[in-house]
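J.: Please work from the sequences and hints to get the whole structure.
Residue numbers (the working numbering), protein chains in the order written: chain Y, 1 to 187; chain H, 188 to 460.
What you were told as hints is all true, and nothing was included just to trick you.
A short, non-exhaustive set of chain Y residues, derived as facing chain H with CB atoms under 7 Å:
1. 11
2. 13
3. 14
4. 35
5. 37
I should point out that these hints are in silico values taken from the structure, not numbers from a laboratory.
We treat Cβ as the ideally placed atom computed from N, Cα and C, and that holds for glycine.
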Amino acid sequence: MSRVEQVDTDQAPLAAKPFYANGKPGPIGETLAQVPELMEVALPFIGVSLGASSVADFRTKELVIVRASALQDCRYCTLTHMAIALDAGVSTEEMKVLRDAPAGAAAGAFADEREAALLAWTDAMALGSGDIPDDVFAEFSRHFSEPAIVDLTMTIGTTLMLNRYCTALELPVAPANLSKLAEAGLA
Amino acid sequence: MTVDEAIEAGLIGPNLWLYSNYTCNLTCTYCLTESAPNVPARELSRERMQELAREAAALGFRGFGVTGGEPFLLTDMPGRLADLSELLPVTVLSNATAFNGDRLNGVKALGGKDVTIQISLDSAEPIKNDAMRGPENFRKVLAAIPRLLDAGVGVRIASTVEDPEHADLSDLCELHRSLGISDEDHVVRTIIRRGRAATEGMGETVGTTELFPELTVTADGAFWSPFAPTVADGRLDTDLLVTRSTRPLEHAAETLIRLVSGSGTTRYDDRFR
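T.: Here it is, written out as C-alpha cells:
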C-alpha cells in the first residue's frame with residue numbers, strides 16, 4: 001500500500017479518465033489522479049521523457065532509468081524498470097551491474113564505449129550535488145548528439161524526480177513485475 | 188472560449204456554486220453529501236468565498252448558488268450572502284430549521300437584498316416529510332417561511348422526490364401556494380443515487396451525460412455540478428472532480444469548458460439542472 005490513496009477507476013476524476021481508458025495507469029498515475037490538473041501534464045511528460053525516442057532507443061533509456069533509480073535506492077523505480085528493461089534487451093548480468101555497482105563503477109562493466117559514457121554521465125548526475133565534471137561530459141558528448149544529450153539528461157532528471165516521489169509515497173511494485181524478476185534470477 | 192461565451196452558448200450553467208460547509212443540523216436519508224452535525228466541516232472561509240465571487244463576476248458568471256450542508260449553521264452566513272449579492276444575485280439552499288433568535292434576525296436582514304433562500308420541503312404530509320428530513324422539520328419550515336417573506340426575503344421551495352414524473356404533488360403545490368410561494372418558485376428534484384441515497388438504495392444513477400455542467404467549488408476542489416462533490420461512507424467522491432486547485436478560478440472554469448466541449452454531450456436531463 002502506498003502512503004496516499006491510489007485512485008481507483010470508478011473514482012477517477014474527469015480529466016484523469018482518459019488515462020484509465022486502457023486499464024489502471026499504475027501507482028504513479030493512480031496517485032497523481034488525486035490532482036487531475038497535475039496528472040494531465042505530468043503523465044504525458046513522464047511518458048515522453050522516459051519513453052524511447054528517435055535519438056535514444058528503448059534499451060538506452062532503460063539503462064539510465066534503472067541505473068539512476070538504483071543509485072537513488074528507489075525500490076519502486078528500480079524493480080519496475082528492471083522488469084521493463086528485460087524486455088529492452090538488458091541482460092541479467094548487465095542488470096546486476098546496474099543495480100549493485102557502487103557509484104562510478106557501472107560504466108567499466110559495459111564494453112560498449114557509448115553505453116559506458118552514458119552510465120558515467122548517469123552516475124555523475126544521480127549522485128553528484130554540484131557541477132558535473134567536464135571530462136565526463138566530454139566523453140558523453142563524444143558519443144551522443146546534442147538532441148540526444150538533452151533527451152537523455154532530461155530522462156535522468158525525470159527519473160530522479162520520480163525516484164523521490166515514489167520512495168516518499170512508498171508506491172508498491174506490481175506483483176507481476178516481482179514474479180518476472182524472480183523468474184529471471186533477479187529477485 | 189471564455190466563461191461568458193460558454194454560458195451564452197449554453198455549454199455551462201450561469202451560476203458559480205459554492206459549498207460553504209458540509210455540516211448540517213439534519214441527517215436526511217437521501218443526502219448526497221452525508222451531511223450531519225458531526226461530519227468534517229470542509230468549510231470555505233468567508234474570505235475565500237468573497238475571492239471566488241469577485242473572480243467569478245469578472246469571468247462572466249451571472250449568479251451564485253450557495254449550498255452545503257446547512258449554510259446557515261455558519262453564524263456569519265447572512266453577512267457572507269449580503270457580500271456576494273453586492274456582486275451578483277444569490278440563491279442559497281437551506282433547510283430553514285435553524286432560523287431562531289439572532290440567526291433569524293440575521294437572515295431577516297437579507298430582506299431587500301438580491302438573495303433568495305431555497306428551502307427544502309418534500310411533502311405536504313408532516314409525517315412523510317419528517318421521515319426523510321427529521322423530526323419537527325415540517326413544523327419548523329412552515330414557521331420560518333412567513334417570517335422570511337414578511338421580512339422581504341425571497342423564498343423558493345425545493346422538493347426532492349423519488350419519481351417526480353409520477354409523484355402526486357398536488358397537496359404540496361397547494362401548500363406552497365397557500366404560503367405565498369408561486370409555482371415558478373417551486374423546484375422539484377429527483378433523488379440522485381450518490382452519498383447517503385446510494386447507501387440507502389434510493390434515487391437515480393447519474394453522470395456527466397445527465398448532469399448539466401455548473402462549476403461548483405468546495406474546499407476540496409472544483410466539480411462538474413452541485414450534485415457532484417458527494418460523500419459516500421465518509422469519503423469524498425472524485426469521479427466528477429474537475430480540478431483540485433481552484434486558484435485561479437479561471438483555470439477550473441476553462442477545464443470544465445474543455446471537458447464539456449470534449450464530452451460530445453449537448454443535451455442534459457432537465458431534472459438535474
